[in-house]
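Residue numbers (the working numbering): 1 to 350.
Heads up, some of the hints might be wrong.
Simulated DEER-style distance windows between Cβ atoms [claimed, not checked]:
1. Pro260 to Gly120: 43 to 51 Å
2. Val47 to Arg67: 15 to 23 Å
3. Glu5 to Lys37: 16 to 24 Å
4. Ser124 to Ala58: 32 to 40 Å
5. Phe268 to Glu236: 28 to 36 Å
For lysine-lysine, the following PhoX-like pairs were computed, each having C-alpha atoms within a straight-line distance of at most 20 Å [said to hold, decoys possible]:
6. Lys26 to Lys37
7. Lys84 to Lys102
8. Lys270 to Lys298
9. Lys42 to Lys8
10. Lys64 to Lys39
11. Lys253 to Lys339
12. Lys133 to Lys84
13. Lys8 to Lys26
In short, the hints are calculated from the structure, not lab data. Just so we're clear, the structure is a prediction, and the values are computed from it rather than from any experiment. Don't be surprised by glycine CBs; every beta carbon is placed ideally from N, CA and C.
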Amino acid sequence: MTPEEMWKAVVNCDASYDGLFFYGVKSTRIYCRPSCKSKTPKRENVVFFETKEEAEKAGFRPCKRCRPDLLAYHPAADLSERAKKMIERDYADHRKLLSDMKDIGVSRKHLSELFTKEYGFTPSDYRMQLRIKAAKKLLREGKSVTDTSLLSGYANPSEFQDHFRRETGLPPARYRQIFARDISRSVFDSPIGKLRIYASSSAILRVDQEEKERKEIGEGPDDLLEDHLSENDGSEELVNACRSELEEYFIGKRKTFDLPLLPEGTEFQKRVYAELRKIPYGETRTYGELAASAGNAKASRAVGMANHNNPILILIPCHRVIGADGSLTGYAAGLEAKKFLLNLEKEHAF
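Please construct the entire structure, taking both the sequences and the accompanying hints into account.
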């Protein structure tokens with residue numbers, strides 16, 4: 001806030017600035033609120049303070065008319081509280097919220113300053129917090145990501161994705177997989193470590209290493225994850241079928257999987273995942289070969305990233321992709337796991 005803006009508030013006795021600053025008059029050694037109805041002092045006699053303590057420390061006494069020393073006199077807090085209630089009521093309707101905010105009678109910039117000083121965050125940040133809280137509830141109830149975005153007041157899906165990931169550490173689709181009541185979940189104890197399996201009523205959504213997932217989710221959400229694993233409202237048919245087929249795979253009795261898959265990813269990533277599923281059991285492909293089969297021979301690096309982000313381990317066999325020199329390059333579950341899987345398939349290929 002500039003000295004010019006504060007002086008203008010003093011001249012206009014603007015109560016909306018009360019609490020944001022105080023002004024002292026050097027000729028009288030008295031300090032006041034911006035809304036004080038006393039005679040306007042000369043500009044050269046006025047100094048500004050952020051707090052009443054600062055004014056008193058500088059040797060100024062509180063005005064007996066506007067009583068800047070009384071904390072109960074705080075119109076800025078009233079304005080901030082009004083704005084807060086409006087945001088809580090209309091957070092999903094931006095147009096209505098902007099219209100209602102005009103009734104407060106101060107500029108958006110000034111209201112943001114008042115609100116931030118009162119609550120420690122801006123009105124925009126508070127609205128985002130409310131929208132993300134609502135979005136998390138909707139996703140847990142099983143709403144689609146698209147519907148959740150719109151119902152939470154987001155017209156721009158990219159903005160929703162960005163805000164949600166920033167607040168939760170997870171993309172909304174991933175959050176829904178973990179916490180939605182209509183998603184079935186199970187843990188499978190495999191030779192390469194514990195694997196978490198997620199499925200809707202129609203497809204396998206994710207098979208991921210438990211240790212990697214715990215690091216991805218963090219301590220707090222992981223506690224919730226355990227609750228949801230034990231309070232599963234979805235159909236368990238597919239996760240049980242997945243467990244059964246994985247058991248057969250790890251003892252060498254299954255070479256292909258018969259389950260419907262619905263991996264999360266971009267269109268390019270989904271093309272890569274489709275090509276991965278075409279690599280025969282016991283065989284390998286280089287990243288360059290996979291890039292060519294996916295339609296872009298120069299996209300080896302992008303193919304590598306798609307492999308790294310593969311959400312359905314083993315069933316989408318990204319472990320069958322190796323370096324151009326035959327080396328075992330990175331694998332989401334670790335190189336030892338990759339080596340184990342390739343040796344398993346080599347042993348049972350014929």
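Going through the hints against the structure:
1. Pro260 to Gly120: 43 to 51 Å: Roughly 48 Å apart at Cβ, these two residues keep to the hinted range, so it holds.
2. Val47 to Arg67: 15 to 23 Å: 19 Å, holds
3. Glu5 to Lys37: 16 to 24 Å: Check passed, 20 Å falls within 16 to 24 Å.
4. Ser124 to Ala58: 32 to 40 Å: 35 Å, holds
5. Phe268 to Glu236: 28 to 36 Å: 33 Å, holds
6. Lys26 to Lys37: 18 Å, holds
7. Lys84 to Lys102: 14 Å, holds
8. Lys270 to Lys298: 17 Å, holds
9. Lys42 to Lys8: 12 Å, holds
10. Lys64 to Lys39: Holds, because 13 Å separates the two Cα atoms, which is no more than 20 Å.
11. Lys253 to Lys339: Measuring from Cα to Cα gives roughly 19 Å; hence the hint holds.
12. Lys133 to Lys84: Roughly 16 Å separates the two Cα atoms, so the pair holds.
13. Lys8 to Lys26: 18 Å, holds
This entry satisfies every hint, going by the numbered hints stated previously.
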